[in-house]
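A.B. asks: The residues making up each chain are set out below.
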Amino acid sequence: MIIESLLTGAVQSGTSVLLTVCGETVTERVGVINLGTEGCMAVGALSAYIVCANTGSPWFAVPVACIMGGLMALIHAYFVISRKANQLATGLTLMFLGLGLTAFFGRNYVSVSVTGFTRVKIPLLSDIPIIGDAIFNQDPITYLSYLICPLLCILIYKTRFGLILRGAGEDENVVFAYGHDPIKMRYIGVIMGGMLSALGGAQLSIAYTHTWIEGMTGSRGVIGVALVCIAAWNPAKAFIGAYIFGAAQALQMMLQQQGLEISSFLLMMIPYVLVLIALFITSIRRRQTMPAELKKVFESVT
Amino acid sequence: MRTTKIKKVIAALLASAAALTTGCSSSTKSGSVGVGFIFVGTKDDYGYNQAAYEASVAVEEHFGDQIRVFRSENIPETSEATRVLEQMIQQGATILFPTSYGHLDPALDAAKDNPDCVFFHQGGLKTSENLGTYFGTIWESFYLAGISAGAATESNKLGFITSFAIPQVMLNINAFTLGAKSVNPDVTTTVIFTGDWSDPALQTDAVNSLADGGIDVIATHQDSTKTIVELCESKGIYVCGCHADASELAPTKWLTAPIWNWSELFIDMTQTALDGKFKGSIYDGKYRGGLKEGVVDIAPYGSAVSEDVRAQIDAVKQQMIDGTFFAFEGEIKDRDGNVRIEAGVRPTVDELETCDWFVEGVIGSTD
Amino acid sequence: MSKLKEYLKTLPRRLGKTAAVVGAAVVLFAVFLLCQGVNPLSVYANMIASTLGTSYGIGQVLIKSTPFILIAVGTCVSAKAGLVNVGGEGQFAMGALFSVTAALFIGDSMPSFFGIVLMMLAGMIGGAFWSGLAGVFKVKANMNETLTTLIMNYIAYQIVSYFVFNQLKDPDSFNWPQTSEISESLQLPRIWGKVTIGIVIALLAAVLIWLMISKSKWGYSLRVIGGNANAALHAGINVQKVQMIAMLISGALAGFAGAIEISGVEERLRQTTGVNYGYLGFLAAWMAWNNPATAIFTAVVIGFLSVAGNVLEISSALPSSAIQILMALVLLAILWKGKEKKSA
Chain A
1 MIIESLLTGA VQSGTSVLLT VCGETVTERV GVINLGTEGC MAVGALSAYI
51 VCANTGSPWF AVPVACIMGG LMALIHAYFV ISRKANQLAT GLTLMFLGLG
101 LTAFFGRNYV SVSVTGFTRV KIPLLSDIPI IGDAIFNQDP ITYLSYLICP
151 LLCILIYKTR FGLILRGAGE DENVVFAYGH DPIKMRYIGV IMGGMLSALG
201 GAQLSIAYTH TWIEGMTGSR GVIGVALVCI AAWNPAKAFI GAYIFGAAQA
251 LQMMLQQQGL EISSFLLMMI PYVLVLIALF ITSIRRRQTM PAELKKVFES
301 VT
Chain B
1001 MRTTKIKKVI AALLASAAAL TTGCSSSTKS GSVGVGFIFV GTKDDYGYNQ
1051 AAYEASVAVE EHFGDQIRVF RSENIPETSE ATRVLEQMIQ QGATILFPTS
1101 YGHLDPALDA AKDNPDCVFF HQGGLKTSEN LGTYFGTIWE SFYLAGISAG
1151 AATESNKLGF ITSFAIPQVM LNINAFTLGA KSVNPDVTTT VIFTGDWSDP
1201 ALQTDAVNSL ADGGIDVIAT HQDSTKTIVE LCESKGIYVC GCHADASELA
1251 PTKWLTAPIW NWSELFIDMT QTALDGKFKG SIYDGKYRGG LKEGVVDIAP
1301 YGSAVSEDVR AQIDAVKQQM IDGTFFAFEG EIKDRDGNVR IEAGVRPTVD
1351 ELETCDWFVE GVIGSTD
Chain C
2001 MSKLKEYLKT LPRRLGKTAA VVGAAVVLFA VFLLCQGVNP LSVYANMIAS
2051 TLGTSYGIGQ VLIKSTPFIL IAVGTCVSAK AGLVNVGGEG QFAMGALFSV
2101 TAALFIGDSM PSFFGIVLMM LAGMIGGAFW SGLAGVFKVK ANMNETLTTL
2151 IMNYIAYQIV SYFVFNQLKD PDSFNWPQTS EISESLQLPR IWGKVTIGIV
2201 IALLAAVLIW LMISKSKWGY SLRVIGGNAN AALHAGINVQ KVQMIAMLIS
2251 GALAGFAGAI EISGVEERLR QTTGVNYGYL GFLAAWMAWN NPATAIFTAV
2301 VIGFLSVAGN VLEISSALPS SAIQILMALV LLAILWKGKE KKSA
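Residue numbers (my numbering), protein chains in the order written: chain A, 1 to 302; chain B, 1001 to 1367; chain C, 2001 to 2344.
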């Protein structure tokens, strides 16, 4: 029972983070860091909610959220790629912009209800002991995330497009060799990242909580950026950090529900401490996987 | 040649800016009195802040042109609050409503430097020459909600979702539990602190976790309670809301909710200050209004509350209004068995609102 | 010196350019205000008049900018060593926690000067402890410092909360979670209205750090590492040691900001003391491409926008999110000009 609810919690509250990690992974693969994913997520969460409330169709809300998140990311792309503005500062500003805009335009939706996505049980698979209910009794966006991770892997590692995409972040010559423009590839990477983060935001608002309130992304976008490191810039491993974070949030509630009388502040540290431990474990193997162009971002300090 | 041109432009700009500034400041001195409200959260939070915000709108509508209203939301409970209050005073406000408990010390600082202004602080226990505090005894409503929860539960396990273990919250948890125990002595209340006043994802995690523990009634002290109420309906858990009537979100599982009616009180306080009668008035000190004064109430019952229970709650409510019943009248012990309120004693406002202990039956950390 | 001359010579032109794009952002926001039925001219006039037009307003901008300056300069130091320290938030919080603990312990027991110095030291130790941990993680376990410092912000927030709810809870505040007020003798002396010497200290620290980075031998090795860590290794520089020291200084400055905030402004610690200061300071540094001198300017711009933002909200009756939108637009405008030089 406890393990089952922990797994369910991991998947449920981890999915929004997972999608953000995937998105940021693509962004960083082309050599750009976007600290503004939190803003993209908030924009995705609100636009999905607005569409859902006005049309009643969550399936229509998903593409709109992705487009809006993509537009936010486009601002970032334009500033850092075309204007060569500082990436970290632009990203952080974009976060404030996204949070501000969504707070402003979302005011009238706080007390509006939407049906959104509900959990869909997959027959047979959901009867598998222990993991069945956690994995196969989820909302459609979560199922989508199961597909997105492997698809991204194939895209990045197995296709020509992926090779060129990685080239934009590692070695521009590869991109030129294939007759493409690295700038264009970077734009694509950043926008894809924004779209995936926005999808994560949509999961939060129309699939998981069926609520809009300003600031509801609650730093999940920021955490997502941090977790890319644990995933070693590999979408296949994105779920590790995201699900650890989700499970830890569920665990902290569970311990309280079990009547454990430890200060809630100490319990609230659990997710963050676990992330640090996970980073420790993945870091001591000392793999240098950070895309070369990304390193330049951190080094271009003067 | 060019520089002189630039100079001319700058001069023109400065002149127009000066004209605007003076024009503006003269318009702010148009005779009406400024009334300022600051909120710790957003005014559309569907909760605590919205309740106070709606009262500020009532004040604005009631006094019309007599006053000008300033509002500022998301003001942290730090010296930032002092600054915003002072900025409002510079814009012409003389009556100020800092509406969160944590705004107290910053407001006291501002009150000290602005003796001509009157401050009404929501919930504070410290006062000064020109700062009085007001609050509603919302715990009375929580007690009544507790009765509905105690009557509804089958597993005898109640849940309570909130943010932090601050005195107001702990008092409400105690009242809720005492209310439930008055009709069902076997109940326990499991408290989950989320560390946030309105994070819907954490609220969802909390409800899921309580549901796993076999809890079948959930009450809450959060700002936006929509997520919790809707989720309880879909999971088949009875729910007591908070701050707002959200019964339409849980047609079959809604019990009731403690709610605020600040409007009349706010209007009366503003009138008192406008008349220059703050000194010596009931608001010069610690004013507390309750069910009797209509400052707090409970939301309409849901269909899940039976006629018998409704009658029972209404009867207790009437006794509270008449003053024949006081939920925290002793003897009341904390969960470690220590007597906190002596037999027959009705604690003072200060004693109640500094609560840092749980009554028997509450499961949860006190910090 | 010639560099400085050149800097000053090109300053008006660069400032002019910046002013033009910022003007564009201001106009854009004016359109937004018009759409909301607010008269942008009177709102802008009111914002400027009550922020830069009064000594109170100017004082508040200085007070607000002080922590941003210190955190920004701290961020610059670590950035020069090739480290991205996003932990100003947590280091500020730990600095505030350490300094308030020291202050409550010291009380009235010693002369004001020594008490304040001790308090500031405690704050620096608190900040340096928190950034130092991230530094150790970096050099000993190869853990990416961007991630560790970021995650540790959240942990620091919980630690501060834990203490203000428990050991440090003020016995005179009716169980409200905040620490007692620090003794009056430990409050920074005021120099002008409500402005304390905190701003002077912050500016001095910024100049000192700027000199250290650009003139000292240590600063040279710092810049070599930041340019290329491998080259620095070949040049016989102890990269790990220099990076560790940079991290400690960076955190100490953020912790110092926390101590100044407690001693000069807040006078007690609460859960939400200084929330977002770390991120805004970080923003100021990276907007200035980690040049401590320029960072002072960007920090003051952010301070001005925060203070004027409240006037915007009060006089326009728009929700507070309008402040965030304005701030983001202005900052994007400043970022717009991108990276124009590769000297420094």
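These are computed hints drawn from the structure, not numbers from a lab.
Where hints are given, some of them may not hold.
To be verified - The following residues of chain C were derived to be distant from chain B, with all beta-carbon distances above 10 Å:
{"hint": "1", "residue": "Ala2025"}
{"hint": "2", "residue": "Ala2141"}
{"hint": "3", "residue": "Ala2205"}
{"hint": "4", "residue": "Ile2237"}
{"hint": "5", "residue": "Val2265"}
{"hint": "6", "residue": "Val2311"}
To be verified - Per label pair, the in silico range of CB-to-CB distance:
{"hint": "7", "chain 1": "A", "residue 1": "Leu266", "chain 2": "B", "residue 2": "Arg1335", "range": "16 to 26 Å"}
{"hint": "8", "chain 1": "C", "residue 1": "Arg2190", "chain 2": "B", "residue 2": "Asp1356", "range": "50 to 60 Å"}
{"hint": "9", "chain 1": "C", "residue 1": "Pro2012", "chain 2": "B", "residue 2": "Ser1128", "range": "48 to 58 Å"}
These numbers come from a predicted model, not from an experiment.
We treat Cβ as the ideally placed atom computed from N, Cα and C, and that holds for glycine.
A.B. asks: Could you tell me which of the hints above the structure violates, numbers in ascending order?
C.D. replies: 5, 6, 8
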